[in-house]
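Asker: Kindly generate the complete structure, drawing on both the sequences and the hints.
From first to last, the protein sequence lines stand for chains A and B.
Take any residue in the first sequence, note its place counting from 1, add 29, and you have its number in the working numbering.
Position 22 (the second sequence) corresponds to 18 in the working numbering; numbering is contiguous.
None of these hints come from the bench; they were simulated from the model.
Quick reminder that beta carbons are idealized off the backbone N, C-alpha and C, glycines included.
Mixed in with the good hints, there may be bad ones.
[What the hints assert, rightly or not] Listed below are several chain A residues computed to face chain B (Cβ distance under 7 angstroms; list not exhaustive):
| hint | residue |
| --- | --- |
| 1 | M56 |
| 2 | V59 |
| 3 | T64 |
| 4 | I67 |
| 5 | R72 |
| 6 | V79 |
| 7 | A88 |
| 8 | Q122 |
[Said to hold, decoys possible] Simulated crosslink set (BS3-like; lysine-lysine; CA at most 25 angstroms straight-line):
| hint | chain 1 | residue 1 | chain 2 | residue 2 |
| --- | --- | --- | --- | --- |
| 9 | A | K31 | B | K172 |
| 10 | B | K172 | A | K42 |
| 11 | A | K40 | B | K(-2) |
| 12 | A | K115 | A | K150 |
| 13 | A | K127 | A | K115 |
| 14 | B | K(-2) | B | K104 |
| 15 | B | K70 | B | K104 |
| 16 | B | K172 | A | K129 |
| 17 | A | K129 | B | K70 |
[To be verified] The following label-pair restraints were derived from C-beta to C-beta distances:
| hint | chain 1 | residue 1 | chain 2 | residue 2 | range |
| --- | --- | --- | --- | --- | --- |
| 18 | B | K13 | A | T146 | 25 to 31 angstroms |
| 19 | B | D145 | A | S94 | 18 to 24 angstroms |
| 20 | B | P127 | A | S32 | 37 to 43 angstroms |
| 21 | B | P91 | A | T146 | 33 to 39 angstroms |
| 22 | B | H106 | A | G114 | 52 to 58 angstroms |
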Amino acid sequence: MKSLAELQAIKEKMQNKVALRDGSGEMRVVVGMATCGIAAGARPVLSTFVEEVANEGLAGKVTVSQTGCIGICQYEPVVEIMEAGKDKVTYVQMTPEKAKRVVEEHLKGGKVVTEFTLANKA
Amino acid sequence: MKELSLNILDISKNSVKAGATLTEILLLETENVLTLKIIDNGCGMKKEMVASVTDPFTTTRTTRSVGMGIPLLKLAAEMTDGSFNIESRHESEYPENHGTEVTAIFNKNHIDFTPLGDIPASITTLIQGSPHTDFLFRHTLVNGEVSVDTRELRETLGDVPLDTFEVILWIEGYLKEQYEALN
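Answerer: Structure below.
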């Protein structure tokens, strides 16, 4: 059974990493989580990003956050990826499976998964 | 919405938006009835807003003039011959104890009852999205209770943020294990 002692251990581990955390936010993953996004399946997409980023050891350079309605409800779940000095990439009609590929190819590999982008739909 | 817990996630975001420092999400189940209460200490709403809030053409969003959050939850409750109620005290009239309380009552055995779905994932997502405010989640079932209080977690975590990846995954596992222990 998970206990607060385990959380204490996480705390101690994270405090040692504070210096590393300061360098985070190089890449930002933002998931649209308004009513439209949630109804279209944004929750499992967000969970997949959180899990995969942690599992792949990308926590030091990638942040995952939520936003409200981006305004293109028909394309939900929508995920935006921001990186300093690069154009914003908007992924649309996302699923957990697509999210895994974005983590692997875009966040890890640095290559945009063009087939999932809004530009590819419009 | 395919899961009631997604309605809960959606509606609770309104509390955060209203500036609540604490949002309580309470589920009380008996054999036949599920009662959901979401109680926050946010800015509250004026009477006119409370009266119109179940109308889809009332919304605080700026990208679109339609807001479906509250109407969808109300519908989900009423489809089961249940009920929906919202009460609010606006900060202009109640500077000391303002906030909003949403109550939805469901008949669990009704054919149109939407299952609760993945509560650990929804509550964890809620916390991940608003790590700077507090949530108390308590689900009282016939055979026991599942709960998490971010104020307690914060006491242990100190200055480590709630939305740290490891912490978020821990919270989800913590809730899951509590449910598994009841099965």
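Asker: Each hint: holds or not?
Answerer: Hint by hint, here is what the structure shows:
no.	hint	result
1	M56	violated (14 angstroms)
2	V59	violated (11 angstroms)
3	T64	holds (5 angstroms)
4	I67	holds (5 angstroms)
5	R72	holds (5 angstroms)
6	V79	holds (6 angstroms)
7	A88	holds (5 angstroms)
8	Q122	violated (17 angstroms)
9	A/K31 to B/K172	holds (10 angstroms)
10	B/K172 to A/K42	holds (23 angstroms)
11	A/K40 to B/K(-2)	violated (35 angstroms)
12	A/K115 to A/K150	holds (21 angstroms)
13	A/K127 to A/K115	holds (21 angstroms)
14	B/K(-2) to B/K104	holds (15 angstroms)
15	B/K70 to B/K104	holds (15 angstroms)
16	B/K172 to A/K129	holds (23 angstroms)
17	A/K129 to B/K70	violated (35 angstroms)
18	B/K13 to A/T146: 25 to 31 angstroms	holds (29 angstroms)
19	B/D145 to A/S94: 18 to 24 angstroms	holds (23 angstroms)
20	B/P127 to A/S32: 37 to 43 angstroms	violated (21 angstroms)
21	B/P91 to A/T146: 33 to 39 angstroms	violated (49 angstroms)
22	B/H106 to A/G114: 52 to 58 angstroms	holds (55 angstroms)
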